[in-house]
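Trainee: Sequence:
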Amino acid sequence: MLLAGGADPNLGARGGPQTWQSPLLFAVATGGNAATARLLLGAGANCAVVVGSRRDPLTLVELARRKRDFDTLQLLTSTEGCDVDLAQLGL
8 MLLAGGADPN LGARGGPQTW QSPLLFAVAT GGNAATARLL LGAGANCAVV
58 VGSRRDPLTL VELARRKRDF DTLQLLTSTE GCDVDLAQLG L
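All you need for the numbering used here is the position in the sequence shown, starting with 1, plus 7.
Quick caveat, the hints were computed from the structure, so don't treat them as lab data. The C-beta atom is built at its ideal place from N, Cα and C for all residues, glycine as well. Any given hint might turn out to be false.
[Stated by the list, open to error] Listed next, with one range per pair, are the computed distances between beta-carbon atoms:
#1 R73 x R45: 17 to 27 Å
#2 D92 x G12: 32 to 42 Å
#3 A11 x D63: 12 to 22 Å
Given these sequences and hints, build the entire structure.
Mentor: So this is what it looks like as structure tokens:
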């Protein structure tokens, strides 16, 4: 509903683009939300998100893999730009 009305799918709960508040990150982190992730991606959500620590950085793809959320994992790996190469980022 909000996305159809033009809401920004990258804004966090406090209205800013903080990565740790990303609606897509929340959908992946809680697991079992492939349909929600699909809607957010369709609305232009940034999937090139890296979270975690410098010692253990996680892409959304790796997070879905660790959650064993295979529907979301398949969605992310088939969406251009989601499978971030940590080596290219120097991590």
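Trainee: Confirm or reject each hint.
Mentor: Hint check:
Here the CB-CB span from R73 to R45 is close to 20 Å, well matched to the stated 17 to 27 Å. For D92 paired with G12, a C-beta distance near 35 Å keeps the hint of 32 to 42 Å intact. Remark: the range hint 12 to 22 Å for A11 to D63 is contradicted by a beta-carbon distance near 37 Å.
Checked against the numbered hints above, the structure breaks only hint 3 and satisfies the rest.
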